[in-house]
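Trainee: Since the structure of chain A is provided, determine the placement of chains B, C and D on it from the hints.
Number of protein chains: 4
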Amino acid sequence: MDTPRIEGAEALIVLAENRYGKSRVRLVRVKRHADRHDFSEWQVQVLLQGDFTSCFEDGDNSKILATDTMKNTVYSVARDTTAENIEEFAKELVEFLLGKHSQVSQAEVSVEQKMWEHLAVQGEPHPTTFVNSSGERQTTTVSRSQGGAFSIVSGLENLVIMKTAGSAFEGFIRDPLTTLPEASDRLFGTAVKAKWSYKASELDFSRLRINIREALLEVFAVHNSKSVQHTLFAMAEHVLNTVPEVEDVELTMPNKHCLLVDLSRFGQSNPNEIFVPIDEPHGYIEARVTRQR
Amino acid sequence: MDTPRIEGAEALIVLAENRYGKSRVRLVRVKRHADRHDFSEWQVQVLLQGDFTSCFEDGDNSKILATDTMKNTVYSVARDTTAENIEEFAKELVEFLLGKHSQVSQAEVSVEQKMWEHLAVQGEPHPTTFVNSSGERQTTTVSRSQGGAFSIVSGLENLVIMKTAGSAFEGFIRDPLTTLPEASDRLFGTAVKAKWSYKASELDFSRLRINIREALLEVFAVHNSKSVQHTLFAMAEHVLNTVPEVEDVELTMPNKHCLLVDLSRFGQSNPNEIFVPIDEPHGYIEARVTRQR
Amino acid sequence: MDTPRIEGAEALIVLAENRYGKSRVRLVRVKRHADRHDFSEWQVQVLLQGDFTSCFEDGDNSKILATDTMKNTVYSVARDTTAENIEEFAKELVEFLLGKHSQVSQAEVSVEQKMWEHLAVQGEPHPTTFVNSSGERQTTTVSRSQGGAFSIVSGLENLVIMKTAGSAFEGFIRDPLTTLPEASDRLFGTAVKAKWSYKASELDFSRLRINIREALLEVFAVHNSKSVQHTLFAMAEHVLNTVPEVEDVELTMPNKHCLLVDLSRFGQSNPNEIFVPIDEPHGYIEARVTRQR
Amino acid sequence: MDTPRIEGAEALIVLAENRYGKSRVRLVRVKRHADRHDFSEWQVQVLLQGDFTSCFEDGDNSKILATDTMKNTVYSVARDTTAENIEEFAKELVEFLLGKHSQVSQAEVSVEQKMWEHLAVQGEPHPTTFVNSSGERQTTTVSRSQGGAFSIVSGLENLVIMKTAGSAFEGFIRDPLTTLPEASDRLFGTAVKAKWSYKASELDFSRLRINIREALLEVFAVHNSKSVQHTLFAMAEHVLNTVPEVEDVELTMPNKHCLLVDLSRFGQSNPNEIFVPIDEPHGYIEARVTRQR
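Protein chains in written order, with this note's numbering: chain A, -3 to 289; chain B, -3 to 289; chain C, -3 to 289; chain D, -3 to 289.
So here's chain A without its partners, still in its complex pose (with noise of 0.2 Å):
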């Protein structure tokens, strides 16, 4: 059966936006070198957009690339690819779909990398064992359009982070609603996510990746912070400052709450040593700091 459809009512319903793809693509690289392996981890998500309304309104797959063929594609260009970084395979995978596909207007490639180390044997990295060293993930967005340019936004996610000194939240409205202490003195917890977008496409992407991640951590570590919101812009502005090849930065931080227990009611104090973490609820904080033009 085709789907019911209201007399003379179809023609006034449009498709307006439309991507496909696959997603969770996952692979793992080695490379062998005589004197070590290089590992990796990656997760590849390929999204098209372009004329496909055929397929939507009519069911005609003419012009798709099947999903399947999409896996197969970032398999094969992984075996082939030189690339040292993330952002170098999207952008490689990114040319390959556009060119292969002039029916596709626009290409994004997402990969997200784990993070794997060397694993140290009795202080030394062993050339050919690795252990899955945190659950932070480094991420990258590549798209372009047919005959466009690169947009390439690449962060991180899961950097999980706390200070115990050096962060207050005082000064805040009080209402009828207000219960929240003022405190001089609170355990800041959060797990960062980050984006930031590049102003070229042809640059050192290891290396800037290592500088933000320092220039974000730093700030975050220093920095004496009276909320969030000002502890996250002092953290974008600070890459901003440091890496003129970004062009801005977009942080969310969820105020990750550690609760002070109450223990007077058992006759001891807590002089804000012992908390409660919790997940939920949780502040939600994000921000986008830019250049200005």
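Please keep in mind that the hints were generated in silico from the structure rather than gathered at the bench. Keep in mind that a hint or two might mislead.
Just so you know, same-sequence chains aren't split out, so a pair can sit in one copy or run between any two.
Claimed, not checked - Calculated cross-link-like contacts (lysine to aspartate or glutamate; reagent style EDC-like; alpha-carbon spacing at most 20 Å):
no.	residue 1	residue 2
1	LYS252	ASP275
2	LYS110	GLU269
3	LYS252	GLU113
4	LYS110	ASP275
5	LYS252	GLU276
Mentor: Chains B, C and D in isolation, oriented as in the chain A frame:
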């Protein structure tokens, strides 16, 4: 210590966009009628935009409504509300927040509802016992600017469905990287995420939600599917054809593949009976279907 | 390199217990009847015990059935089986593995079944469309030694239920660390995990499962609960009283707390209407109830 | 209503085993030294056994320590403890609970510790800023009966490691259902779960944990692996050979497969470079290795 700054550089860096609020505020509401109880479980997110630059740039919290106060607001409003559904409750919260806080330029409230039903005991719904009947979630996001009109986008997530007949995928591009065989009869499974925007803000949201959900499911069941895209469009189209209060429909339908197991290696046939369901990779299909203006 | 050993020490170290197998072997089975399809989704785990010491100690794989072969076995047996339920399928796999591999002293097969139902379209179940109707899972673990009898322990997991009346918790110990108030009327929510062992191996497992699940749920609904323990015991007792084929019942019932929100700070009452559900911490109650021998 | 009972039947049904307690009690402890802070995050579970039959069978709560009180106990003891590690803290909690509550016959406390490290800023560990450095968790379960000795079983979970050389799997059974090729050089990835029992209860648990973890990892790195079983045994054996305080070691090492991608279809070779990592299905290998008595 304050943020390290490069001399003379800081004036060029500005806050472009920001929003903040409270996420994962969970809430159970029990309505105690004489003959039965009603039980609802909601998860609320509040996000505010406004003139908060001094907080980000200077650590001035005087315009900041603490996210803890937002949490209190959710509970206080929940106690007094007569809202019958998540849309009405979200509207009420938005109104409350905009009314109390003139520095807030826009308030957005999202609510997710879990699926709880009266438990059947000996064939009858028990008046005060409930079962979490599905992993599906009902959603809404209501936003409004000071002095503006409500935007109401409702939806559902994680509606996991499967059809074992009436689904094909044929005639797609065959290139050197294509290995997927044509399929005239395949399994089609997905976890629907739907969002629809309402044309007005005073509507019978409870009834409309039932109608929209049924419209989506009916087409999924009966459609003669030539691709995920084809069925997605038909589902959205049917909502727009049968529910005039809806302006547009956005559907995200991952293709949760079931792979036919090759049993010929063991001398067995497999006439579309035994499959391996996989979570990754998965096809990703997303489109917005709207009324032509 | 081989393992560094301390001279003369290694003879004193022995393999005490071991088992190995394949986990998370996922399987969809479609039965294609003339008037409708049946749809099942199972996840299988196979675990073998036996004389595998030479593999562990010396790297001799000659007695090792590859776990990949176990996966193939699951699919091959699934194709030919006439099993109507997970217990019969697990028995069949156990038989197959013990019969083919004399070095295996014991085989254990666990199967989890997801909840899929025919989707209702205009009030009627659609013959070839299905909805994943709950996060609950039906389980069984079947084991047998060479020459021994079957042990069959079936169960269910993640049956999330709630009662809003007929639940109290009073008269517990009050000591200096006790702050919980007595509650004559509280919410009682849990996610039941149940396991029951059958007295025999040739039973109508499909019907028995329905009866046992209903017995558990009926008591949960109607019991006048003085504690989670009290209701847990009554639920298990009712299964044993009404289903003679069951030898014992083990129930794990976390107390998924709903905390009454203190609204008095905002000048509002809260007559058991607005609660915060929390995932952590949670009470943990576990007991096994059996027939006296 | 009380539980429906079959006349005369109830005397035959008895409580066989039971335990109850509190799970997922989360705790952050900050130690504020002059030159730096220490930061620990623990998750605690308390389980009690004892004479609680009257609670289960009759709803008599007079012997019941509320699980909420257990939670308070965790926080109160955490405030005063001088414990340097999770083992000492768990021992202290067990002592406290057994000492206060004579109706408790056995107390068991499990603690999980997350991995937090001082954040490096410009190459130096920052004294009051921390990063969650791994998804690995350090664990212990301490139990004791009234008047009995401590049982201390420590461990770790989710230690995700990979070796890209020195791993083969050959010479296993080939039967009609075997399709896995022999592999003389394969990737070997796993997420180690380890448990080891200590011979005594007064030990330097912090140092021992470091030594045991290093022993496990060193063997994983350097072992010439003929199977997961082979390496698992060697890892456990090395712990027992180098740490005399340990009585036995239980290791669970799922085989997290990385499948070599067949690129020959696209005219490409794949000399062990490009793999697909999969989460399911996975091999499951578990063994306990002990000293001969």
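Trainee: All the hints need checking, so say for each whether the structure fits it.
Mentor: Okay, the hints, checked on the actual structure:
Proximity of LYS252 and ASP275 under a CA criterion of 20 Å is satisfied in both settings, with 6 Å inside one chain copy and 16 Å between copies. Proximity of LYS110 and GLU269 under a CA criterion of 20 Å is satisfied inter-copy only: 17 Å between copies versus 33 Å inside one chain copy. Only between protomers do LYS252 and GLU113 lie at most 20 Å apart by alpha-carbon distance; the minimum there is 18 Å, versus 27 Å within a single protomer. In this assembly of identical chains, LYS110 and ASP275 lie within 20 Å of each other by CA distance solely across copies; the values are 15 Å between and 23 Å within a copy.
In this assembly of identical chains, the alpha carbons of LYS252 and GLU276 lie at most 20 Å apart whether taken from the same copy (8 Å) or from different copies (15 Å).
Comparing the model with each earlier hint shows no violations; every hint is respected.
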